[in-house]
Amino acid sequence: DTGVSQDPRHKITKRGQNVTFRCDPISEHNRLYWYRQTLGQGPEFLTYFQNEAQLEKSRLLSDRFSAERPKGSFSTLEIQRTEQGDSAMYLCATETGVGYTFGSGTRLTVV
Amino acid sequence: QKEVEQDPGPLSVPEGAIVSLNCTYSNSAFQYFMWYRQYSRKGPELLMYTYSSGNKEDGRFTAQVDKSSKYISLFIRDSQPSDSATYLCAMITGGGADGLTFGKGTHLIIQP
Chain A
16 DTGVSQDPRH
26 KITKRGQNVT
36 FRCDPISEHN
46 RLYWYRQTLG
56 QGPEFLTYFQ
66 NEAQLEKSRL
76 LSDRFSAERP
86 KGSFSTLEIQ
96 RTEQGDSAMY
106 LCATETGVGY
116 TFGSGTRLTV
126 V
Chain B
10 QKEVEQDPGP
20 LSVPEGAIVS
30 LNCTYSNSAF
40 QYFMWYRQYS
50 RKGPELLMYT
60 YSSGNKEDGR
70 FTAQVDKSSK
80 YISLFIRDSQ
90 PSDSATYLCA
100 MITGGGADGL
110 TFGKGTHLII
120 QP
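Those protein sequences? They're chains A and B, same order as listed.
For the first sequence, the positions run 16 to 126 when the numbering used here is used.
For the second sequence, the positions run 10 to 121 when the numbering used here is used.
Quick caveat, the hints were computed from the structure, so don't treat them as lab data.
Check before you lean on any hint, since a few could be wrong.
No farther apart than 27 Å at their CA atoms in a straight line, the calculated lysine-lysine pairs in the BS3-like style are these [to be verified]:
| id | chain 1 | residue 1 | chain 2 | residue 2 |
| --- | --- | --- | --- | --- |
| 1 | A | 29 | B | 51 |
| 2 | B | 79 | B | 65 |
| 3 | B | 113 | B | 51 |
| 4 | B | 51 | A | 26 |
| 5 | B | 11 | B | 76 |
| 6 | B | 113 | A | 26 |
| 7 | B | 76 | B | 113 |
| 8 | B | 113 | B | 11 |
| 9 | A | 72 | B | 65 |
| 10 | B | 65 | B | 51 |
| 11 | A | 26 | A | 72 |
| 12 | B | 76 | B | 65 |
| 13 | A | 86 | A | 26 |
| 14 | A | 72 | A | 86 |
| 15 | A | 72 | B | 11 |
| 16 | B | 51 | B | 76 |
| 17 | A | 72 | B | 113 |
| 18 | B | 113 | B | 65 |
The following residues of chain A were derived to be distant from chain B, with all beta-carbon distances above 12 Å [unchecked claim]:
| id | residue |
| --- | --- |
| 19 | 24 |
| 20 | 33 |
| 21 | 35 |
| 22 | 57 |
| 23 | 83 |
| 24 | 87 |
| 25 | 88 |
| 26 | 91 |
| 27 | 93 |
| 28 | 106 |
| 29 | 125 |
In silico negatives: residues of chain A with every beta carbon more than 10 Å from chain B [as the list claims (entries may be wrong)]:
| id | residue |
| --- | --- |
| 30 | 21 |
| 31 | 22 |
| 32 | 96 |
| 33 | 114 |
All values reported here derive from a predicted model rather than from experimental measurement.
For glycine and all other residues, C-beta sits at the position ideal for the given N, C-alpha and C.
Turn these sequences into a full structure, and let the hints guide you.
Structure, rendered in structure tokens:
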């Protein structure tokens with residue numbers, strides 16, 4: 016248990032459907048990050064929050080992606096009109112002052 | 010050229026050997042350097058966290074950072090089969106606004 020919980024662990028969806036993932040970070044950690052990891056690659060930065068404010072977005076985050084962090088606690092990542100290229104592991108992380116702690120991720124498969 | 014280069018392997022060594030894993034990078038603004046271990050279908054697990062140049066040791070693991078050469082290393086002593094995993098280097102600028110930049114990861118296999 017890393018202290019960062021992600022739900023669901025695995026999601027299979029049909030192309031064109033919308034999906035939403037949730038991240039519950041270690042409490043009292045202000046910065047929360049979303050990353051995407053495809054097979055054989057390192058994680059790639061998507062976006063990050065300082066409390067409830069979304070401060071940075073990668074160009075990888077197309078307009079089909081949206082992230083929220085209401086009240087600066089848990090965060091959600093939604094993908095609309097999923098495409099097969101969205102199949103990946105979606106990872107959430109918090110900054111702990113001595114590094115970044117990741118959750119176990121949500122593995123998305125778009126069929 | 011990617012910002013962070015890491016040989017994907019696989020790297021296969023016998024149990025008990027010293028393992029050397031390396032990354033090179035091009036962005037001189039990187040100040041914090043990390044090594045993560047990732048088992049299959051799991052999230053990355055932080056192993057080592059260092060700031061700027063120098064060495065840091067933790068048990069069987071030693072991390073080295075050479076900012077003048079833009080080169081970082083992770084050494085694993087007395088390697089065990091349980092060390093078999095993918096090792097990812099990661100780094101970030103002082104401001105941290107763009108998040109961590111990762112290498113591709115090196116797949117390490119420790120043969121019993």
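Okay, the hints, checked on the actual structure:
no., hint, result
1, A:29 - B:51, "24 Å, holds"
2, B:79 - B:65, "17 Å, holds"
3, B:113 - B:51, "16 Å, holds"
4, B:51 - A:26, "15 Å, holds"
5, B:11 - B:76, "17 Å, holds"
6, B:113 - A:26, "24 Å, holds"
7, B:76 - B:113, "20 Å, holds"
8, B:113 - B:11, "10 Å, holds"
9, A:72 - B:65, "32 Å, violated"
10, B:65 - B:51, "26 Å, holds"
11, A:26 - A:72, "24 Å, holds"
12, B:76 - B:65, "14 Å, holds"
13, A:86 - A:26, "26 Å, holds"
14, A:72 - A:86, "19 Å, holds"
15, A:72 - B:11, "19 Å, holds"
16, B:51 - B:76, "30 Å, violated"
17, A:72 - B:113, "21 Å, holds"
18, B:113 - B:65, "23 Å, holds"
19, 24, "9 Å, violated"
20, 33, "24 Å, holds"
21, 35, "19 Å, holds"
22, 57, "3 Å, violated"
23, 83, "18 Å, holds"
24, 87, "17 Å, holds"
25, 88, "20 Å, holds"
26, 91, "18 Å, holds"
27, 93, "19 Å, holds"
28, 106, "6 Å, violated"
29, 125, "17 Å, holds"
30, 21, "8 Å, violated"
31, 22, "13 Å, holds"
32, 96, "25 Å, holds"
33, 114, "4 Å, violated"
In this structure, the earlier hints numbered 9, 16, 19, 22, 28, 30, 33 are contradicted, and the remaining ones agree with it.
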